[in-house]
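For chain A, the structure is supplied; the task is to place chain B on it using the hints.
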Amino acid sequence: MLDIARYEARRRVRGTVALTVLLGLFALLMIGLFPSISESGADFEAYVESLPPAVREGFGVSGAAITTIEGFLSTEFYTFVWLLLLGLYVAYAAGDTVAGDIEDGRMDMLLAAPVTRARVLAEKFLSLLTPILVLNLVMPLFVYGGVMLVGESIDAVALVAVHLLSVPYMLACASLGTLLSVTVHRSDVAQRGGIGAVFVLFVLESVTVDTDYEWLGLLSPTRYYDPAEILIEESYDLVGAAVLLVAAIVLLSASRVIFERVDV
Amino acid sequence: MAAIEVSNLTKAYGEVVANEDLTFSVREGEIFGYLGPNGAGKTTTIRTLLGFQSPTEGTATVLGHDVREEASLVAAKADLGYLPSNPGLDEDVTGEEYLDLHASLKGDDRRAELLDLFDPPLSRRIREYSTGNRQMLAIVQAFMHDPDLVVMDEPTSGLDPLKQESFNRFLRAEADAGTTVFFSSHVLGEVRRVCDRVGIIREGRLAALEEIDDLLNRGGKRVRVHTEPPLGGSSLELEGVVDLEQVGRETQFTFTGNYDALLAALTEYEVVDLEIDEPPIEDVFMHFYGEA
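Keeping their order, the protein sequence lines are chains A and B. Residue 154 in the numbering used here sits at position 154 of the first sequence; the count goes up by one each step and never skips. In the numbering used here, each residue's number is its place in the second sequence (first place is 1) plus 1000.
Just chain B, same shape as in the assembly:
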């Protein structure tokens, strides 16, 4: 059974179609990245999956429960964690009181363990929390009942890089232990570090669905080369060279061709410096979202 099964899901707000005919599934135990620019419809899908809003057409199941049936979906929610990007918390209670409420609704077997990793000041009122502390409290809340599936909407936006890193490590360990993670993001780098598979959503429609490695291979490599004399703009006529530009004495381009051919071409010059790197993830992104 797939953890999430989305079938021909459409959600329209009046004339505006936020999700159009989406079909995909999330396997048990994987970290699924749901990638798209802001406004692509990621949050709409997530809020429909959680039953906050009903589909206009089509449906989805979460842990085998139809999102259109409240009674059924409530049963699924006992094994589900939810972590939004900007969690709505009650400002006038302490972090402790907030966790106590959620513990009474769904349990908190792992609360202490999680608080070792993510440590918001529990005795203070949430009103006084920084963005990072709010997010950490929401993380503890999302995982403390040891859910089988965690749905996250841009979860790391409020965390500092160090906490982001430990959160990503934590997620990896959770997935290895069998938890399914649905992870929406508009940052490809993050998805690349964390996810196994990615669905790309663009203007409400599913643009691509692939393994993360395939996605990266398709993006090619970023090449930076400094030769003497400098390579001219059009002097490197080689298959697979994209977006070539001259920055000072350095030539930069994205390369999707054959390495031997590239190296052979470069032997005609004196190579002062050469760098072949993972592409800036945004370039891969452009591949799917650019007007080209």
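Extracted from the complex, chain A is given alone in its bound form:
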């Protein structure tokens, strides 16, 4: 068992290492900017407070928090990179899993072997854990080290939690990409669809805050994972994480039902 997952996971190692190093360096760069931003203090807070509520919500910013290392990190790094960029990335990567193989005949080769479609789907999905786990294991080290280097301190538990709780979020985004991948059998369409869906849901959640349509945000995975809340308030939304896991299971089950019935 898990032969396909291991094989696919190995194929993701190179890309994962490159992405981890790149994002690690980006994290260090952002943290390096923190001392000068924190010095500008009140001016920066005033600037942030002048932003429209939807933007503040979208990027998890609040005036008082931006000049603390936790607020700064959650706004400038975790909301941008972890919530948005990596959410898009895993949805994109998942979009290719099935559709890409179908498109150029690799799925035929695989399905000619004695494996069920459900197994192929499950193991291909599991291989997405390579980037998800490696990034979440390595990045806290970069961030913690960087924070120490600029002479600040950050709560290690909150830092671990922000990564741990991002795993269900990324699994949910990956499931969304997988569902697209078994539905539209063109890799580029599934990939762009994955990116588009996660981005639209993110925006939807942001712009409906404090409006009559705030409930629409419930549809968005970004509602259930909030790096700012975790880092600044040290409040951990375990219910949100459970909702994301359930959503991932539902989306994957739907993907399985579809994939078992379609002509590849």
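Source of the hints: derived by calculation from the structure; they are not laboratory data. Any given hint could be a false lead.
[Unchecked claim] Covered stretches of chain A, as calculated for chain B (at least 3 residues, CB under 8 Å):
#1 1-15
#2 95-105
#3 114-122
[As the list claims (entries may be wrong)] Short, incomplete list of chain A residues facing chain B, as computed with Cβ under 7 Å:
#4 M109
#5 D237
#6 D263
#7 V264
Quick reminder that beta carbons are idealized off the backbone N, C-alpha and C, glycines included.
Showing chain B alone in chain A's frame:
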């Protein structure tokens, strides 16, 4: 039990009927040629047999397992090899890694033996492979678990003639050892060299199903004759002369009649040169596919 049993199989993609009411069976241990021009529906049948797509109507069994039942068909696939014309391979892994994956899924008892015959550069990434090397890797992959049945879709299209020849010899030996081979092709010459029996598919329907020898006999012989004086276009009025044409001083025609009658007719001329040969296989093909 037949290795493959196709019963009233129809596969339509929306309005387009790619396979229509196909019924035939492939016996155990034979090399069955599935012959038809490009677009006739050969790949559709093969992909339905392997469960990649479901039949619109009818069904088929592979090694006794219904292609509509995934759980059942998966069991059959442990004893099945698949070789498409343009195999989809993972470009970023080495040939070795690719074979390792397939070995873990279905076994590789015969891997070393096959690699002596077909030798793609295993340590290189598949991205760097030539068409021939890709095909050889796919051949090893298709046979390394010693399958009872191998389904091949235009398998030799990427191989150079020398490798094609050794592949055909290999296939013959496999069939003699009891492996059933289902072999699709649009090249009659290839099918003639390799197959025992042939099913001809045309526009999604089965046009003929016969032993390869019968098929060839039906095609007649190709006659080339150079006489002095040259035979005129209509001067050879003989039963069984088809497609007569004059090329320079040589007369060519396909002959399906009696040889004695032909030779008697030719004694009236001075025969400078005479050649009686297997027909170009395409002529036999025309017999089934020509508008005539």
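Status of the hints after comparison with the structure:
1. Interface restraint, the segment 1-15 of chain A with chain B: holds (5 residues with C-beta to C-beta distance below 8 Å; minimum three).
2. With 3 residues having a beta carbon nearer than 8 Å to a beta carbon of chain B, the segment 95-105 of chain A meets the requirement of three or more and the stated coverage holds.
3. Check result for the segment 114-122 of chain A against chain B: holds, 4 residues qualifying (beta carbon to beta carbon below 8 Å, three or more required).
4. For M109 of chain A, the suggested interface contact is upheld, since its CB lies about 6 Å from the closest CB of chain B, less than 7 Å.
5. Interface restraint check: D237 of chain A against chain B, minimum CB-CB distance 38 Å, threshold 7 Å, status violated.
6. Hint on D263 of chain A holds. Least Cβ distance to chain B is approximately 4 Å, under the 7 Å limit.
7. With a cut of 7 Å, the hint placing V264 of chain A at the interface with chain B holds, because the nearest CB-to-CB distance is about 5 Å.
Checked against the numbered hints given earlier, the structure breaks only hint 5 and satisfies all the rest.
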